[in-house]
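Number of protein chains: 2
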Amino acid sequence: MKIKAIEHIGIAVENAGQSSPFWNHLLGIKKTGHEVVEEQGVSTVIFDTGRGKIELLEALSEDSAIAKYITKKGAGIHHICLEVDDIETAITDLQSAGVNLIYDQPQVGAEGMLITFVHPRSAGGVLVELAQKPV
Amino acid sequence: MKIKAIEHIGIAVENAGQSSPFWNHLLGIKKTGHEVVEEQGVSTVIFDTGRGKIELLEALSEDSAIAKYITKKGAGIHHICLEVDDIETAITDLQSAGVNLIYDQPQVGAEGMLITFVHPRSAGGVLVELAQKPV
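Protein chains in written order, with the working numbering: chain P, 141 to 275; chain Y, 141 to 275.
It is possible that some hints are incorrect.
The list treats identical chains as interchangeable, and a pair is accepted whether it falls inside one copy or across any two copies.
Pairs of lysine-lysine residues, derived as DSS-like cross-links and limited to a Cα-Cα distance of at most 25 Å, are as follows [to be verified]:
(1) K273 <-> K144
(2) K170 <-> K144
(3) K144 <-> K171
(4) K213 <-> K170
(5) K273 <-> K170
(6) K171 <-> K142
(7) K213 <-> K144
(8) K212 <-> K171
(9) K170 <-> K212
(10) K208 <-> K144
(11) K273 <-> K208
(12) K213 <-> K142
(13) K170 <-> K142
(14) K142 <-> K208
Honestly, the hints are just simulated from the structure, not real lab data. In this text the structure is predicted, and so the values were computed from the model without any measurement.
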C-alpha cells in the first residue's frame, strides 16, 4: 500500500449553496464538480486547488451520516481522504494490522473512486477515507 | 490571492508519540519533521505524502489552543491549511471582503511559513489556516 496524496478534505455543511461562495469566490478555488452519491447519502460540491480538493457534503436526508454528524458536532471538517495506489492491498494490509475499517470491500464514492474508511477509533479520532482513482 | 494547494491537515492529538505510528507505520507516510512552535503553543510532528502533509499537534501546556480544543471536542482534525502565493494579499483581500481573520499580520508558523487563520465563523465551522512558503 502506498499513500500518494491528500485527495480531498470532506466538510459537512448544512447547505452547500450557502457554503460554496466562501471556497469559490472568496478563496478563489475552482469548482470542478457537483454530484449526488446515493450510497453515502450525500450531495457533494467539489473545489479543486490543483493539489487537493475541498468537498462540501450536504445530507440527502435526516438519517444520512452527515445529518447525524452535524446534529452531534456541528458543521465543519468531517473527514480527510488519502489517495492510495491500490485499495484492495490497503484493505488487506490494514486489516491484518488490526486497523478497524468501515467497509471491508471497496465501495464506489464520488468521482467513481474506490473507497473505504478507517474508523476514527483506529486513527486518533480522525475519520480517514482511503480512495483509489477509478481504473 | 491564489490558493496553490492543500498544504497540510492539522490534527489535535493527546500524545504525538502514541499517534505517530498510525500515520508513519500503518499508512506508511514519511515523517519529515518535528518542531516546537512556541508562538502557537504546540509541538508538531509532520508526515508528508508528497502531495499534502499531515501535521500532528500536541499542546505544550494546558492553556494552549490545542489543549482547550481537545477538552472541548476531543482529539481529531483541528484545522486545514491552504498554501497561498502571497499572504499579505490574502489578508488584504479577505479583510476587504469582510472575512474574519485571527491575525491581521502574518505570523511565523511551523517550517517558517507565514500564516494567518480564517475564523471558523467565516468558514462554515472550519478553521482555515493560510500559509505562504518562506521566501
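Against the structure, the hints come out as follows:
For the identical chains of this complex, K273 and K144 are neighbours both inside a copy (11 Å) and across copies (22 Å), given an alpha-carbon limit of 25 Å. When the C-alpha separation of K170 and K144 is checked against a cutoff of 25 Å, the pair qualifies both within a copy, at 22 Å, and between copies, at 11 Å. Taking the shortest alpha-carbon separations for K144 and K171, both the intra-copy value of 23 Å and the inter-copy value of 14 Å come in at or below 25 Å. In the homo-oligomer, the alpha carbons of K213 and K170 never lie at most 25 Å apart, since the shortest distance is 28 Å inside one protomer and 31 Å across protomers.
For a Cα distance limit of 25 Å, the shortest separation of K273 from K170 qualifies both inside one copy, at 20 Å, and across copies, at 22 Å. With identical chains, the CA atoms of K171 and K142 are at most 25 Å apart between copies only, with a shortest distance of 14 Å across copies and 28 Å within one. In the homo-oligomer, the alpha carbons of K213 and K144 never lie at most 25 Å apart, since the shortest distance is 30 Å inside one protomer and 29 Å across protomers. In this homomeric assembly, K212 and K171 never come within 25 Å of each other (Cα to Cα): the closest approach is 28 Å inside a single copy and 33 Å across copies.
With identical chains, the CA atoms of K170 and K212 are never at most 25 Å apart, being 30 Å at best within one copy and 34 Å at best between copies. In this homomeric assembly, K208 and K144 never come within 25 Å of each other (Cα to Cα): the closest approach is 31 Å inside a single copy and 33 Å across copies. Neither within a single protomer nor between protomers do K273 and K208 lie at most 25 Å apart by alpha-carbon distance, with minima of 28 Å and 38 Å respectively. Taking the shortest alpha-carbon separations for K213 and K142, neither the intra-copy value of 32 Å nor the inter-copy value of 31 Å comes in at or below 25 Å.
Proximity of K170 to K142 under the C-alpha cut-off of 25 Å is restricted to the inter-copy arrangement: shortest distance 11 Å between copies versus 28 Å within a copy. For the identical chains of this complex, K142 and K208 are neighbours neither inside a copy (32 Å) nor across copies (34 Å), given an alpha-carbon limit of 25 Å.
When each numbered hint is compared with the structure, violations occur for hints 4, 7, 8, 9, 10, 11, 12, 14.
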